[in-house]
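Input sequences plus hints: build the corresponding full structure.
Protein chains in written order, with my numbering: chain P, 381 to 1075; chain D, 19 to 567.
No lab work stands behind these hints: they were computed from the structure. The beta-carbon is built from N, C-alpha and C at its ideal position, and this holds for glycine as well. Hints may contain errors.
Stated by the list, open to error - Selected chain D positions facing chain P (in silico; Cβ < 8 Å):
1. Thr215
2. Thr419
3. Phe421
4. Glu515
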Amino acid sequence: MEPNQGYSLSSDIGGTFTDTVLMSPDYQILATAKTATTVDAPAVGALAGARRVLQDAGIDWHEVAKKIHGTTLATNALIERRGARVATITTAGFRDILEIAYERRYSQYAINIAKPDLIVPRELAFTVGGRIDAAGRELHPLDAAAIPELADRLNAAGVEAVAICLLHAYANPDHERLLRDQLKALMPDLVISVSHEVSPEAREFDRLCTTIANTYIQPLMAGYLSDFQLRFQKEGLSCPILLMTAGGGMTTVETASRLPIRLVESGPAGGAILAARIAEETSETEVLSFDMGGTTAKLCLIDNGRPQTARRFEISRAERFIKGSGMPVRIPVIEMIEIGAGGGSIARVDRLGRVQVGPESAGSEPGPAAFGKGGERATVTDADVALGVIDTGKFAEGRLQIDRNAAELALETDIRSDAARSAFAVSEIVDENMASAGRMHAVESGKDLGARLMIAFGGNGPLHATRVARRAQVQRILIPRDPGVGSAVGFLFAPVSFETIRSRYTTLDELNVDDTNRFLEDMAREATEVVRAGAPSTQLTQRRVAYMRYHGQGHEIEIELPPRELRSADIAKLKCDFEAEYSRQFSRTVPGMTIEILNWGVTVVAPAPDAIKTDDTSGRRKKVSAAKREIVCELTGQTREADVFDRGSLAPGDVVEGPALIIEPQTTTLVSADFSARVDQAGCIRMTQTGESRQ
Amino acid sequence: MIVTDTRLQVMWNRLLAVVEEQAQVLIRTAFSPIVRECGDISAGIFDFQGRMLAQAVTGTPGHINTMAAAVHHLRDCFPVQEMKPGDIYMTNDPWIASGHLNDFLLLMPVFFGGNVVGFTSCTSHLVDLGGLGMGPEGADIFDEGLLIPPCKLVSEGQLNDLLLNIVKANSREPIANEGDIYALIACCEAGSKRLITMMEEFGVESLDALATYIIETSRQGTIDAISELPNGTWHSALRVDGYDEPIELRASLAISNDHILLDFSGSDGCVSKGINVPLNYAAAYSVFALRCIIGPDIPNNAGSLEPFRVTGPKGCILNAQPPAPVAMRHTLGQMTPDLVYGCLTQALPDAVPAEGASCMYDLPLRHVAEVADRGDQQFALELVFNGGTGARPALDGLSATAFPSGVWGSQIEPTEATAPVLFHRRELRQDSGGAGKQRGGLGQRIEVSSATGQDFLVFLSVERIQNPAKGRHGGKDGAKGRIRIGENGPDLPGKGELRVKNGETLVFETPGGGGFGAPCDRTPEDIDFDIRNGLISKAAAKTVYGAKQ
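Here is the structure:
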């Protein structure tokens, strides 16, 4: 493996805490810090963390050769509606793209729903004459004469930022460019996002929403990023700062300031990258990452070391976990299923007598009843305390005293049964919810969970891993080292990269190789320019894909193209590849059906640190512990004695038979009665289901 | 609370998850646009007796009771003791399956330990079954295409090739039909596999205890919800456009302590065009409407549906009998919620919304016959543009939003990319929402013409051209739908075939929803908001709402 040129520093600014990690040139973690997030000027908290890790490791600012930054600021600005006053400009006759949306209620039986708030009210929806057709031909020229009056109206309405989204701009951006340039000349301070740059895909509603979200947070993010850069430079940082994107790559401050929407949801991506790296190190081709924290659980499928990606997700949902209740954003993202199941998720009994858990959460304030900070409602953590799987004296390094009585009282009150049975029910339901979400996600992706290795992290991941795995028919689990700070570590393994996706319709039979090559080359040039800015001197690689489907179907399948110019001979191969992948997902092909391509993707990547493949040569030494705890076994509902270990005391090769608890500062790993755990060469805990079934 | 109860609840949750997984398998592999865009499918799990235990919440409510009743019917056609692992049964009989020939129902027995323990079932809309094609023009069911009575499609894993060939030979879209039938088979198999996995994991050998728990809990929960309603019988009538003359729909709703009886006596008889509705389909939309207000949180199953009973005299248009044509049964079927709400609002005046556009405003566009000779582009589009929903007791109606169906509206860009049409406008219709304390949702205006100079055809089957969505409790009616060629062309009826010539523009305006409560009670802030946002004109604010300025 190539060593890094110098030290790497990463900061992950979350809503409550900022995590900082310092890594040596040979990829060893030297120091970590958790500092409070300074909401008014987040750079201040990040600087404090950076100073601390540098000091702890005795490293100087000028020795830092790589600085990576991930932030929830973009996400939070959208959620908390702290962005600019935005107007839209769309093609004349199409003022209501936003109001009309998909004409759909997101919940079938709920007649009193409100539609999601899409930021721009109708009074700020303007139009301009001119028309491009689906092939990119100009049918009517842009009504440039109307632009001065449009500018006057924008001024009068106090508009700070504009989203321009003209019909078929992905096929021909001339009108959008002309409109932007003329508006800019008339209103130099106006912030403008154009749809063909932000999200050049067909489907006007999604593209408009994405453009709105981008322009809405752009002034705030540009200001923040330049402040962040300035403060770090003043402190002595000499290398450029790179930003983590939702797609799992890194990009420059300049690109992030122009396309801040790419930063949304970048935090959880770090966890998926960490899991992907472990998958590579352990030569696991099919992995399920399971990140369970205090409020939500996130699951991601990772195949051949690549986290599954998507081209669309939703922000600011009216109902947080209901698909279709939010604002669609169409950018490349690492695809994660997020459900309202965390330690703080609140449990209750509904009017049919069914136990329900989440998505409402007690968060960290007031938190679960067991925290004794004023929370009275029963939560998942309270159930875990009552089941005995959380060591009350060692929770959060002993900094937080756990009140078992309060947990049991809350369970008895809210679930209306004795504490052990209530806790058992809460655990069963929340674990089933997570497993169902995982299975559903796999089905939607045409994949299977059964053969996968689960990589579990987050504060509650190792504690619930066996319980969720069993229900998802997953038999093997890996708990990495330091499972509590996954994201910030993951950032350090992300490559500098940029992915661009554009729409261009063709059937496979009628594919024009020369036109397509010009089109792909243009995309590659755009992506290369962005990546070059963050990785000036390294060899870049390209990945090209086409999103294909049978004519008449809605579901597109990603097919990799050769990373070079297409030749006529490739078409037959693409057909074969499509049919092979279709048949893998759906067990058959549809002979005689036309194949069509709607969207194309090009990703340009600078090399990431190579994974160190670990050969696990440690033996097997059975360990027993003198320390014991009574826990409720989730297989039988009966009380059972579990061995208790300190994770630090276990060495590679040590084998622990369930039921057992392996405790470390930020979390506990539950080794269920039907699992056996072993510590591997790299210090990861590997759990395998041994087959003891329910009684 | 005991461990067993928790396990039963977890298994119930699992069944609910399995049917959603089944539905996903079907939607992902289906070829029919209505399936893809609207989720016009159903998937369910049934116990040994054929009682529905779980059903996917899919895009359209048209399958809600139809599937529960259909599986009973199909199961009774074949002796269970003769069923073998790998068998799958099928029918598209509208009076068994889902109201028209396009909906195919499949049923698969699930074997565990050598015995049938239950069934998985699914329904999907196939693109074309021959006959005159999807439209109201057939004079009887025989004009509408191929009807397959209950039959065994797959025998111990072996597909009946002859049956499949018959379905293909009788369709304009044989490849898509074949793909859709395979999708249905895959859906049944996926459900069966998951059900067996669950039984193994939980170590149960039959579904009996689980079935009893699900059905009894749901039935009791529904009865509890019904018992909170006032007892009595209420009547309502709804006049709809019909094909070429208006039709009167009538209903009575009798609420007792433990069940609700809806009856369609007094409704007009069947007509000679395919807008007649089999009772199973009318019941699906009616019960859906009731369940939106009465116990919406209780999942659909044999227990929660049992207290809702729907009857109607044979031969009335909401209980059409064979061989009546029924291809477009959704046109009137989707109007039944307004009919039912006309009764329910008398019992629950503060809970029921005003009437809405209700009928899905679909706009199927086709190439004209002669394009094949001229070498022009052939195309078939199934576009949907909805009107406004009725104002709700405490909220305005939703503009351009589907209700009761859950269809998705079309997007302009992908439509123009795949067919030679050009849209000039798609905007909300100012003042089309019925005025009221709560305003009805607005309709929209679509203008579309040929992009290439070739004529195209439009097949209309929409409602509320003559009869607007009525307001409630003093609320005003929504604007009627309006269809014409050219801004100054004559108004056209809502049903039938149109040819839009090169150079002409089809103007397609969808209806607004009715208002709720008197317009004079609307707050000045709300009126001001509507004016600022162009939802109502200043003139309407003055004349309809009585605004001061």
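Hints and how they fare:
no., hint, verdict
1, Thr215, "holds (7 Å)"
2, Thr419, "holds (5 Å)"
3, Phe421, "holds (7 Å)"
4, Glu515, "violated (23 Å)"
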